[in-house]
Amino acid sequence: MTPEEQRFLLVGAGLFVLGAIGFVTRRNLILMVLSAELMLHGVSLTLVTFGRMHQTNEGQAFTIFTLTVAACEAGLALSLVLSLYRKSHSLDIRLWSELRESDMSGPALDSSGERGKLSSYEDIPTLTPAGIVPQNPPRAAAAENVPTSHRI
Amino acid sequence: MTMWMQAHPMTLVGLVLWAVGILWLMPRKQTGKPRPQLPGVLIVAAGLVTFCLSCGKSESELADDVMFWVFAIGALMSGVLMITARNPVYAALWFALATLSTCGLFLLQHAPFLAAATIIVYAGAVIVTFLFVIMLAQQSGAAGYDQRSSQSLLATISAFVLLGALSLTLQSEKIDLARPVVAAESQAATGGMSILSLNLSAEPVDIVPLLPGNLMSKADAKHPVGDLQGLGKSLFGDYLFAVELAGTLLLVASIGAIAIAPRREQGAI
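Just so you know, the sequences run in chain order A and B. Counting from 3, one number per residue, gives the positions in the first sequence under this note's numbering. Counting from 351, one number per residue, gives the positions in the second sequence under this note's numbering.
Heads up, some of the hints might be wrong.
Some, not all, of what chain B presents toward chain A, calculated at C-beta under 7 Å [unchecked claim]:
no.	residue
1	P438
2	L481
3	V483
4	M485
5	D496
Derived CB-CB ranges, DEER-like [said to hold, decoys possible]:
no.	chain 1	residue 1	chain 2	residue 2	range
6	A	R102	B	L412	19 to 29 Å
7	B	E523	A	E100	45 to 55 Å
8	B	I605	A	R102	42 to 52 Å
Think of the hints as simulated: they come from the structure by calculation, not from any bench. Ideal Cβ placement from N, Cα and C applies to all residues, glycine included.
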């Protein structure tokens with residue numbers, strides 16, 4: 003690996019990490035999708051560099067597929083964002099934390115301590131609640147209930 | 351790790367400056383006077399310049415180096431400004447600049463078709479769609495959720511630990527990513543378990559390619575890497591089914607986007 007290739011890989015890693023920071027920290031739905039696209043740029047640069055390192059065109063072919071998937075993802079994500087915006091009239095990702103399972107703890111609050119409420123709860127899909135955790139391990143309980151006459 | 355720190359101290363300094371600048375620029379709840387942007391931008395720029403200069407120079411002429419520095423610093427700086435922008439419209443515009451710089455890096459890596467395709471798809475389609483959605487869904491005035499970020503300190507520190515680990519791996523002299531196949535002898539010695547393992551030995555061994563790879567994707571002297579004819583042969587020779595699948599995926603995604611998007615009879619947005 004020459005320094006020439008090394009530095010392209012480093013820039014690709016930097017772009018990926020920047021996208022990851024943006025995805026985690028920002029609360030705007032559109033900015034989260036944009037950060038994911040920035041991560042894809044980093045991966046594309048790395049793929050192209052690897053392809054040139056190995057003297058094949060496969061890296062560039064993969065990047066073209068990445069481009070296709072990114073275009074699909076952008077279209078689907080933006081239509082989802084629009085329908086979410088129609089329900090909550092806000093782009094805040096916090097408002098959708100109600101979609102989690104009921105026994106999970108919510109996201110960490112801001113220093114201001116505010117947590118938004120959805121304007122309307124109609125038509126919002128919810129996860130079915132998970133079943134009750136069994137009190138005893140079923141096998142052990144079954145073994146205890148077997149009558150003594152049937153024990154070997 | 352200490353060896354890496356001694357060998358590449360400038361990389362470490364650049365990473366730390368970069369992280370501090372991002373933390374400075376991150377939007378947060380403002381108590382009193384808003385924090386000025388300019389020092390953060392300067393800190394990030396200093397960190398980026400240190401990081402990119404410490405990446406090493408190539409053996410080629412100076413023009414390539416200058417082009418690389420311009421595009422790399424442009425891409426990373428626009429990325430930083432994108433994830434810290436308080437206005438989503440500015441964020442989309444910074445993302446467009448990051449895309450253009452990445453296309454410049456593609457050009458430097460002998461991928462002209464990819465650079466053109468990325469500019470057409472991203473700058474022509476994706477950014478415009480994003481801007482349309484931002485305009486549709488923009489609330490009047492600055493939204494509260496854009497003015498503060500969640501867990502920015504934790505996220506930045508963990509992300510830069512990841513970046514430091516990646517730099518440590520990429521700059522290590524022991525790992526040569528360009529030689530993923532081990533020699534036939536050492537493969538036989540390890541019982542064939544290490545076909546895909548990296549070549550960790552310091553001394554170079556004779557390379558016997560065990561996996562022939564896709565034959566139509568190989569570049570030769572007549573068609574170097576990035577040559578359009580070679581790329582076409584790779585796409586429509588080795589990856590013909592994948593190309594058909596990608597086309598089907600585009601069709602399904604466009605149908606899905608039309609089905610998901612809110613309709614007019616369901617009320618205004």
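Here is how each hint holds up against the structure:
no., hint, result
1, P438, "6 Å, holds"
2, L481, "10 Å, violated"
3, V483, "5 Å, holds"
4, M485, "11 Å, violated"
5, D496, "6 Å, holds"
6, A:R102 to B:L412: 19 to 29 Å, "55 Å, violated"
7, B:E523 to A:E100: 45 to 55 Å, "52 Å, holds"
8, B:I605 to A:R102: 42 to 52 Å, "29 Å, violated"
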